[in-house]
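Participant: Please build the complete structure, drawing on both the sequences and the hints.
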Amino acid sequence: MRRWLVPLLALALSAWAQGTLKVGVVVSATGPAASLGIPERNTFLMLQELLDRQGGVAGRKVEFVILDDASDTTQAVRNTRRLVEEGVVAVVGTTTTPASLGMIPVVAEAKVPMISLAASKDIIHPVDAQRFWVFKTPQTEELMARAIVADMVARGVKTVGYIGFNDAYGEGWARFFEAEAKAKGLQVVASERYNRTDTSVTGQALRIIARRPDAVLIGASGTPAVFPQRTLKERGYPGLIYQTHGVANPDFLRVGGKDVEGTLLPAGPILVAEQLPSAFPSKRVALDYIQRYEARYGIGSYSTFGAHAWDAWLILKPALERALKKADPGRDLAAFRAALRDELEATKGLVATHGVFTFSKEDHLGLRFEDAAVMVQVEGGRWKLVRTFR
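Residue 1 is where the sequence shown starts when you use our numbering, and the numbers rise one by one after that.
Since the hints were made in silico from the structure, they are not lab data. Incorrect hints may have been included.
[What the hints assert, rightly or not] Result set (DSSO-like, lysine-lysine): computed pairs, CA atoms no more than 27 Å apart in a straight line:
hint	residue 1	residue 2
1	Lys326	Lys348
2	Lys22	Lys317
3	Lys348	Lys158
4	Lys61	Lys325
5	Lys182	Lys158
6	Lys111	Lys61
7	Lys317	Lys283
8	Lys258	Lys61
9	Lys22	Lys348
Facilitator: The following block contains the structure:
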C-alpha cells in the first residue's frame, strides 16, 4: 500500500503547488461612491473573463474575490479581514480614501500587499511600517493640485474659494491645494466643508460667494460633487469652477448636465486618450483598455476609475510572475506574500493607462507629474483636453 501512497502524495502536492491564486478586491459598488466603484468592479469582471481564456498567470488560475464595501469604511475593513482569512495573495482596493486608510492596519498586521484605488497621498506616504505593504494607482491630490494651480495661474486667477468633503478626501485636498496655491501667489479666501450625504450646501455656497473669489475648487468625488457646483450656479456665482480628478466619470456628466458645463479639472490622460499627442507615453495602453471596456459594457461607458483598476492589474501581473519564481503560495503563503510585496516595489518603467509607474522604497505611487496629469474642460457634455504638462 505504501508504494501507492508515494505517487498519490506527489500528485496531491503538485496540485497544491499549482493551485489558484486568489486576489482580493474591495470596491464601493453601492453607496455614495458607486459611480467610481462600479467601473472598478466591472474591470475586474472583465479581467476574470480574459484570464480564464488565457489560462491565468504562469500556468496558475487567477480568481478575483470581489466584495462591495457599500462606500462604508467599517465594511471595507470587515471585507479586508475576510479576504486575508481566505488566503488571498494580495488585496486591491478600495475606492475611497477613508476606507482605504482603514484597511491599511489590517493588511499590515497580516503582511499582505495591497494596491489602493483611492487618491490620498496619506495612503502611501510616508512609507512606514504599515505603508510598507501598501501601493496605489490613482494620482495623489498633491500631484493634481499642482495641475489645477498651474491652470489657475495661466488664466490669471488671484483669489480662490474651496468647498470639499468633510472627510479624509476633502481635508487632503484642502491641505495640498492651499499649500500649492500659497506657493504660487494665490489667496484662498474661503474654505468650506460638507458631508457626502448632505441635502443642502446653501450656507456654504453663500459664504463663498460673499468673498467673491475668481475661482472655486470643489474637493469632492463622484456624483455628490455635482451638488455644490449646482448650488453655486443657482445662486449666481459667475467665476470659474474647478473639480478634482474624483469626478472623471460619465455619471458626473449625466447627473450634472448643464450645471457642469465649463467645469475645469485635472485628470489622468486616459480620460481624453484619443485627443492626446501620438507620442504621449500612455496613449496606446489607454486606447487598448477603452476598446476592451467599451466592447464589454458599451460605447462611452469607460471611466478613469475603471482604468485605475486595470493599472493595478498591469502592475500586479508581472509582480506575481516574478514572485512565483521565489516562493510558492501553496507551500508558504506568508513567504509568497512577502516576495510579492518586494516585486511590486521593484516595478520600474511600467506603462499603464494613467502614466508610467516606477516604485521605490520611498515612493509607492511612482507617477511623474508630466506623464500622469492633463487639464480637461467639460464642453457640450464631453471631456475636452485643454492642457498637457509635458
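Participant: Against each hint, give a clear statement of whether it holds in the structure.
Facilitator: Results for each hint:
| no. | hint | in the structure |
| --- | --- | --- |
| 1 | Lys326 with Lys348 | holds, 19 Å |
| 2 | Lys22 with Lys317 | holds, 12 Å |
| 3 | Lys348 with Lys158 | violated, 39 Å |
| 4 | Lys61 with Lys325 | holds, 16 Å |
| 5 | Lys182 with Lys158 | holds, 10 Å |
| 6 | Lys111 with Lys61 | holds, 23 Å |
| 7 | Lys317 with Lys283 | holds, 20 Å |
| 8 | Lys258 with Lys61 | violated, 47 Å |
| 9 | Lys22 with Lys348 | holds, 24 Å |
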